[in-house]
Amino acid sequence: MKASDEELTALVVATKNPAAFGELVRRHQGLVRGMLNRMCRNHALADDLAQDAFIRAYEKISSFKGTGSFKSWLCSIAYTQFLMSARKRKATERVLEKYKADVEESEAPRDMGNVVDLDRGLATLKEEERIAVVLCYSCGMSHSEAAEATGMPLGTVKSHVNRGRAKLQAFFADAEVMVS
Amino acid sequence: MTMDDAFDARLKAAFAQAVEPLETETEADRFAHRVVKQLANPDRKRVLILGGAGSTGSAIAGTQLESVLGQVQIPAEGLLSNVGFLMGPEVLAAGAMALAVGMVAMVLPRRLA
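Protein chains in written order, with this note's numbering: chain A, 1 to 180; chain B, 181 to 293.
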């Protein structure tokens, strides 16, 4: 039988077993890398941040109390890594702006299922809206969990999610009109 | 929680589809292997640079210590005057330097382990 996240976490806390932690990484890497990729819109940077986030999680795994899900706890750490990186590397922002411009200049939007269209839709949101939407829809966090992870008030998170969602809905509606 | 309607379902599906290429067995294993390898090999370069900077800082501070400690009044009589030869500025500076270098030597191997 497959061990649960909580069982593996307890094993890592007790024995610092890298193999057990490797299994946790294997299970959640897609989520964390996807989330960071949507947030910073740079694949290589997202992978580096994801690696740092997992290493940080390993170092402070004893602080995971099991009150929320391991997934949410991990996403909070990944979000902190994203914030630290954004503050530290102002130069990266310029690269991301260029990347954003490249995306906007390329072809017209296609069906919503297309990953590029999702990224293009997310690029139309303000940063706080994008972060709130990604945490709630990609990581499956509740509004309260997202508020805790970002340090934003709950009401602000709700507003960002609702505004972001409305913008995405409008973006994809426009995209479908263009396709049909 | 997020609102539960058709658009929400589509949005969640789009996010799920976006991470699908990362969820393949090989990709997941490759990434997990990279992280576990990194756990076994911490960033030695960073630790060595920090250790080097710490040692250099200690050495520079040490060169200044002699003039600072030169102002210390050494008792000329009483019990303490017997250990006065140990309280010369050069000896105190050397002691402080030895302490600093000893601490670097204690901390660095732990960080590198």
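Please keep in mind that the hints were generated in silico from the structure rather than gathered at the bench.
Hints may contain errors.
What the hints assert, rightly or not - Covered by chain A, according to a simulated footprint, are these stretches of chain B (three or more residues, beta-carbon under 8 Å): (1) 231 to 244; (2) 277 to 286.
Unchecked claim - Below are the SDA-like pairs computed for lysine to any residue, each with C-alpha atoms no more than 20 Å apart in a straight line: (3) A:Lys71 with B:Glu200; (4) A:Lys71 with B:Ala208; (5) A:Lys71 with B:Leu202; (6) A:Lys71 with B:Thr204; (7) A:Lys16 with B:Leu219; (8) A:Lys16 with B:Met283; (9) A:Lys158 with B:Leu219; (10) A:Lys2 with B:Asp209; (11) A:Lys88 with B:Ile229; (12) A:Lys2 with B:Phe187; (13) B:Lys217 with A:Lys158; (14) A:Lys16 with A:Ser63; (15) B:Lys217 with A:Lys2.
All residues carry an ideal CB built from backbone N, CA and C; glycine is no exception.
Here is how each hint holds up against the structure:
1. Coverage of a stretch by a chain is defined here by at least three residues with a beta carbon nearer than 8 Å to that chain's beta carbons; for the region 231 to 244 of chain B and chain A the count is 0, and the condition is violated.
2. Coverage of a stretch by a chain is defined here by at least three residues with a beta carbon nearer than 8 Å to that chain's beta carbons; for the region 277 to 286 of chain B and chain A the count is 0, and the condition is violated.
3. For the hint linking Lys71 of chain A to Glu200 of chain B, the alpha-carbon distance of about 17 Å falls within 20 Å, and the restraint holds.
4. Between Lys71 of chain A and Ala208 of chain B, the direct Cα distance comes to roughly 16 Å. Compliance with the 20 Å bound is thereby established for this hinted pair.
5. Distance hint between Lys71 of chain A and Leu202 of chain B is fulfilled; the C-alpha atoms sit about 16 Å from each other, no more than 20 Å.
6. For the proposed pair Lys71 of chain A and Thr204 of chain B, the alpha carbon gap of about 19 Å is at most 20 Å, so the pair holds.
7. About 10 Å separates the Cα atoms of Lys16 of chain A and Leu219 of chain B, which keeps this hinted pair within 20 Å; it holds.
8. The hinted pair formed by Lys16 of chain A and Met283 of chain B fails the criterion: a straight-line CA distance of about 27 Å is larger than 20 Å.
9. Of the pairs offered as hints, the one joining Lys158 of chain A and Leu219 of chain B is violated, with about 37 Å between alpha carbons and a cut-off of 20 Å exceeded.
10. Distance check on the hinted pair: Lys2 of chain A and Asp209 of chain B sit about 17 Å apart at the alpha-carbon level, within 20 Å; holds.
11. For the hint linking Lys88 of chain A to Ile229 of chain B, the alpha-carbon distance of about 19 Å falls within 20 Å, and the restraint holds.
12. The suggested pairing of Lys2 of chain A with Phe187 of chain B is violated, with an alpha-carbon distance near 34 Å, which exceeds 20 Å.
13. For the suggested pair Lys217 of chain B and Lys158 of chain A, the alpha carbons sit about 39 Å apart, so the restraint of at most 20 Å is broken.
14. Taking the CA atoms of Lys16 of chain A and Ser63 of chain A, the gap is near 13 Å; set against the 20 Å cutoff, the hint holds.
15. Under the criterion of a C-alpha separation no larger than 20 Å, the hint pairing Lys217 of chain B with Lys2 of chain A is inconsistent with the structure, at around 23 Å.
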